[in-house]
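Colleague: The hints should help you fit chain Z onto chain C, whose structure is shown.
Number of protein chains: 2
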Amino acid sequence: MNLVVHKCLQTHYRPFLQTNTDSEFEICNHNSYNGEKLLWSLCARTVCRFFSHSWENQYMETLDTSSDKNHLYIQIAERIKSWINEGTYLPGSKIPSMRQLSTKLDVSVSTVIQSYQLLERLGFIEARPQSGYYVKIRPLLQEAGIVTKPASAPRFVQTNNTFLDVIHACGDKSLAPLGAAVMHQDLLPTESLQRSLIKISRERAADCINYEIGAGNWQLRQELAKRSIEMGCDISPESINVTTGCMEAINLALKAVTKPGDIVAVESPTYHGHINALENLGLKALEIATSSQSGMDLDALEEKISKFDVKAVLVTPSFSNPLGSLMSDESKQKMVSLCSKYNVHIVEDDIYGELQFEGNRPLALKSFDKKDIVMYCSSFSKTLAPGYRIGWVIPPAKFFDKIEIMKFSNTVSPNSAAQIALADHLKNNNYDRHLRKLRQTLSQNMHLFSHKIIECFPEGTKITTPSGGCLIWVEFPKGINALELHEKALKHKISLIPGPLFSVTGKYENCIRINTGTLWNSNIEAALEKIGKLAHALAKK
Amino acid sequence: MNLVVHKCLQTHYRPFLQTNTDSEFEICNHNSYNGEKLLWSLCARTVCRFFSHSWENQYMETLDTSSDKNHLYIQIAERIKSWINEGTYLPGSKIPSMRQLSTKLDVSVSTVIQSYQLLERLGFIEARPQSGYYVKIRPLLQEAGIVTKPASAPRFVQTNNTFLDVIHACGDKSLAPLGAAVMHQDLLPTESLQRSLIKISRERAADCINYEIGAGNWQLRQELAKRSIEMGCDISPESINVTTGCMEAINLALKAVTKPGDIVAVESPTYHGHINALENLGLKALEIATSSQSGMDLDALEEKISKFDVKAVLVTPSFSNPLGSLMSDESKQKMVSLCSKYNVHIVEDDIYGELQFEGNRPLALKSFDKKDIVMYCSSFSKTLAPGYRIGWVIPPAKFFDKIEIMKFSNTVSPNSAAQIALADHLKNNNYDRHLRKLRQTLSQNMHLFSHKIIECFPEGTKITTPSGGCLIWVEFPKGINALELHEKALKHKISLIPGPLFSVTGKYENCIRINTGTLWNSNIEAALEKIGKLAHALAKK
Chain C
-17 MNLVVHKCLQ THYRPFLQTN TDSEFEICNH NSYNGEKLLW SLCARTVCRF
33 FSHSWENQYM ETLDTSSDKN HLYIQIAERI KSWINEGTYL PGSKIPSMRQ
83 LSTKLDVSVS TVIQSYQLLE RLGFIEARPQ SGYYVKIRPL LQEAGIVTKP
133 ASAPRFVQTN NTFLDVIHAC GDKSLAPLGA AVMHQDLLPT ESLQRSLIKI
183 SRERAADCIN YEIGAGNWQL RQELAKRSIE MGCDISPESI NVTTGCMEAI
233 NLALKAVTKP GDIVAVESPT YHGHINALEN LGLKALEIAT SSQSGMDLDA
283 LEEKISKFDV KAVLVTPSFS NPLGSLMSDE SKQKMVSLCS KYNVHIVEDD
333 IYGELQFEGN RPLALKSFDK KDIVMYCSSF SKTLAPGYRI GWVIPPAKFF
383 DKIEIMKFSN TVSPNSAAQI ALADHLKNNN YDRHLRKLRQ TLSQNMHLFS
433 HKIIECFPEG TKITTPSGGC LIWVEFPKGI NALELHEKAL KHKISLIPGP
483 LFSVTGKYEN CIRINTGTLW NSNIEAALEK IGKLAHALAK K
Chain Z
-17 MNLVVHKCLQ THYRPFLQTN TDSEFEICNH NSYNGEKLLW SLCARTVCRF
33 FSHSWENQYM ETLDTSSDKN HLYIQIAERI KSWINEGTYL PGSKIPSMRQ
83 LSTKLDVSVS TVIQSYQLLE RLGFIEARPQ SGYYVKIRPL LQEAGIVTKP
133 ASAPRFVQTN NTFLDVIHAC GDKSLAPLGA AVMHQDLLPT ESLQRSLIKI
183 SRERAADCIN YEIGAGNWQL RQELAKRSIE MGCDISPESI NVTTGCMEAI
233 NLALKAVTKP GDIVAVESPT YHGHINALEN LGLKALEIAT SSQSGMDLDA
283 LEEKISKFDV KAVLVTPSFS NPLGSLMSDE SKQKMVSLCS KYNVHIVEDD
333 IYGELQFEGN RPLALKSFDK KDIVMYCSSF SKTLAPGYRI GWVIPPAKFF
383 DKIEIMKFSN TVSPNSAAQI ALADHLKNNN YDRHLRKLRQ TLSQNMHLFS
433 HKIIECFPEG TKITTPSGGC LIWVEFPKGI NALELHEKAL KHKISLIPGP
483 LFSVTGKYEN CIRINTGTLW NSNIEAALEK IGKLAHALAK K
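Heads up: the sequence lines are chains C and Z, in that order. For the record, in the first sequence the residue sitting at position 53 is 35 according to the working numbering, with numbers rising by one throughout. For the record, in the second sequence the residue sitting at position 344 is 326 according to the working numbering, with numbers rising by one throughout.
Same shape as in the complex, but just chain C:
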């Protein structure tokens, strides 16, 4: 049967479409599609008509209401589908109610019901009880995940030569921002933060100009303490030390429990900033096997801890960087028990912890910390204002003073105005509402990015499918060199982070990390297409 498949569906369902019977189309499940068959329970004629509408004519400014009812509801369905494909309604967002659409298009509600039912059957939208219809978040092609096998011995770190180029590319605003894990300012509450900053500049000019010596602004620490309940902890403001971003927090935490030459276990791959911090502190990295789905392999960790004198585990348990893995609560509890048993401290980087796509905020490792061994570190750099440089560390009680002294000699204190403005913002603005919006956008972006990547990148490419955060880890087929790809992408004004930066040994040479914390638009689509083309070209070399 000669079927003109809609371009959008070509993109998303290309590998799955095949004719089944005369009356049905079936999604073939050779790639398992979450193991689920999607049945196209429409008669062949309707589907043909539905799909044959050309891409160029997708904008129907007027509906042909003279045609019979059967055709009208398909026209309406197709228009909604256009809105979805165009990005007017993004995955996870609510579409107009049936009554609204009926009024807007001047058709009967029963016709709209038929349209919605069609779209629901086709997997474009889903009904949510007592809420309405939402654009369906389509699952990704592959779900097996990525599991790594890093080098087996601890070793000192030597910064890769590419590091500085990558930092510069991350700071270059003329590039498509697929490199640094930075949210576009339109995803952040830029205006309301601006109002807070102006307000406190006016009202508390002297406080803004003065040092905030000690553990940090008290109001901010109070707001942070209030929020700690959501991560399963009950932290008092006295236990919190405000730092210049999460990296200072991590540096101080590591310094507190190690001395140069000590061994620190890390996920593999792990954030290049973590690796670089280990280098600067003269620490040895011990890379542990990690799964993109469940995080650090605890059996591998225990094996290493029992073999080597590991002083600390540096880990991002919720939406790790770069894999995006989320450890289950059970795993988190197990990790804390394991480290407690062996007297190993945990430095927990929870910077992405509030960016889950669905459900409650994941619990922190710290919430399972009965023996006070977890040094909790986080910041507002992914959720409010990277440029403010405000993070915090919640160390075990016995390290609190030591960390305060070390902070004093490292940077004295974080920027005062930023601390006061954030305290004001958290108190007076709806941070949770902002988070809900941000999570929804990141969830949609994750969907859009991953589908685009699967569409454009070479056959055999694997990608991670995190359930939170703003990062996709791409594993190209062997032979595609990420450092070369990075250089070529730079020439096309695209930043990305090549895989070897996330390893101590230069591993992951066929991997890249992609930032999704941006606005989905044609430039980003074009940048991903370009990376795809460059990768294809490198594959042929």
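Think of the hints as simulated: they come from the structure by calculation, not from any bench. Please note: incorrect hints may appear among the correct ones.
Selected chain Z positions facing chain C (in silico; Cβ < 10 Å) [what the hints assert, rightly or not]:
(1) Phe145
(2) Pro171
(3) Thr172
(4) Arg184
(5) Ser210
(6) Cys228
(7) Asn262
(8) Ala367
(9) Gly369
(10) Met388
(11) Ser398
If you anchor each label on the Cβ, the simulated ranges turn out as follows [stated by the list, open to error]:
(12) C:His474 <-> Z:Pro242: 30 to 36 Å
(13) C:Lys241 <-> Z:Asp168: 42 to 48 Å
(14) Z:Gly442 <-> C:Tyr324: 56 to 62 Å
(15) Z:Gly442 <-> C:Gly243: 47 to 53 Å
(16) Z:Lys241 <-> C:Asp354: 30 to 36 Å
Heads up, simulated DSS-like pairs for lysine-lysine below, C-alpha to C-alpha not over 25 Å straight-line [stated by the list, open to error]:
(17) Z:Lys409 <-> C:Lys155
(18) C:Lys409 <-> Z:Lys181
(19) Z:Lys489 <-> C:Lys384
Using N, Cα and C, we set each Cβ at its ideal position, and we do this for glycine too.
Modeller: Frame of chain C, contents of chain Z only:
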């Protein structure tokens, strides 16, 4: 001769007054008073009358113009003297012109001339060509300076237990601020910085919220480069890396040229933040003998460098902390040559470099740096806004990249809004005019503080008399314990820094550091008096 000496003069000249002849009083020079004799070339009768006016009646609301001319000019002189002693006209400030005063007091100009000449002869005021009369900056009692003899071997640092108490006291706004080297906000351009911050928050909201990844805001680096000419350098913006305050700059500079266990030479006493940074970096401190007048003893330095494998010298050549010493240009040149000869890097802390009381800004060590061995570090924490946390490092070219990478993993970048606001402020506001005003105030404060200290502190106390900065180092007679004094002062709501914090060995147990960067008022006077009383009590123990 039984002379009622004016209370103010008792304070300042008490140790020097003695009767000489019937017609002259001479400043006795048992304490040398700069080796200079000040002749009181007035007939005894006049001096008696001048001095006998009681303190309580110093405010003459009306002049007794009926008395003869000779008496009238003395009355006027006395009134001006009251203004000076009361602080209406501070040392270094201009007093009204003779014409203005003649009009104001309704007396003849010739009478005012006589009064001014009397005050000039008495050393209260001085004429400056084509400018008028100024309150004279009276030299201090002792000028021999303090020369230290620290421990002779390099050693690892262990933070003193008092450190955290001192940090907390420094951050406690309820205390009299004689501890931290912090300028009172009224000495800083709080309002115009506030305007800059509000302006850039409005106009560049997105830039404020975003990271400033890399070596820092380009406009700020341009302004810093422009200013480098005044310190004898010609630095390009490309050579400057903006940091989170001077302490981050120093940490990065030290890290770049050392590894844990290496030896770093420091002045003794030296800033407790320096000592603490050495501890955190696992470095050994080698304390070098230092003079409060000429800085680090270069012969001692050379001896130590030839004996030990010194990797770096950490030094504050202009208005050091805590001694306030200023190395001469010749010494600076010699130090750079010496270190070049032995391949030792210099980490130059120039944070007080713009705070000279008179003349041009001292040259930086960096200005003599032909072999590119000096890592120049500074910040705006003493001149504009401590709470902004903006400093910078100008490293030798070969370390630039290394430092940028290390900064990324330490704090990523300094606060963006602060960088942009300072760039705006430096470009559009008269920073030099502010500096002139700040220098004048600090100069006056140095005078007022030091005289008050000499007045109130126990006999035998030595103090430094820096020609710039905001610090006085007080050496009590042996037996007065600075840590005890610190604790007692805290109970009386006064912060100060005890001497042992400035040493690796707990030396300087009879010394304290006093911050003068505040507003001179009765609270500060009372705080100094209280410290004096506490010290007296400790001396008697």
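Colleague: Verify the interface restraint on proline 171 of chain Z: the C-beta must sit less than 10 Å from at least one C-beta of chain C.
Modeller: 9 Å, holds
Colleague: Given threonine 172 of chain Z was flagged as interface, is its beta-carbon under 10 Å from a beta-carbon of chain C?
Modeller: 5 Å, holds
Colleague: Just to be careful: measuring from the Cβ of arginine 184 of chain Z to every Cβ in chain C, is the smallest value less than 10 Å?
Modeller: 7 Å, holds
Colleague: Closer than 10 Å between Cβ atoms is the bar; does methionine 388 of chain Z clear it against chain C? Give me holds or violated.
Modeller: 5 Å, holds
Colleague: Verify the proposed pairing of lysine 489 of chain Z with lysine 384 of chain C, using a straight-line Cα cut of 25 Å.
Modeller: 22 Å, holds
Colleague: Under 10 Å, Cβ to Cβ, is where cysteine 228 of chain Z needs to be relative to chain C, so tell me if that hint holds or is violated.
Modeller: 8 Å, holds
Colleague: Is 30 to 36 Å a correct range for the gap between the Cβ atoms of histidine 474 of chain C and proline 242 of chain Z?
Modeller: 43 Å, violated
Colleague: Does the hinted range 30 to 36 Å hold for lysine 241 of chain Z and aspartate 354 of chain C at CB?
Modeller: 32 Å, holds
Colleague: Against chain C, with CB atoms and a cut of 10 Å, does the hint on alanine 367 of chain Z hold up?
Modeller: 5 Å, holds
Colleague: Taking 10 Å as the limit, does the beta-carbon of serine 398 of chain Z come near enough to a beta-carbon in chain C?
Modeller: At about 3 Å, which falls below the 10 Å cut-off, the nearest Cβ of chain C leaves the hint on serine 398 of chain Z intact, so it holds.
Colleague: Measuring from beta carbon to beta carbon, are lysine 241 of chain C and aspartate 168 of chain Z in 42 to 48 Å?
Modeller: 44 Å, holds
Colleague: Given glycine 369 of chain Z as an interface hint, is its Cβ closer than 10 Å to any Cβ of chain C?
Modeller: 3 Å, holds
Checked against the numbered hints given earlier, this structure breaks hints 5 and 12; the rest are met.
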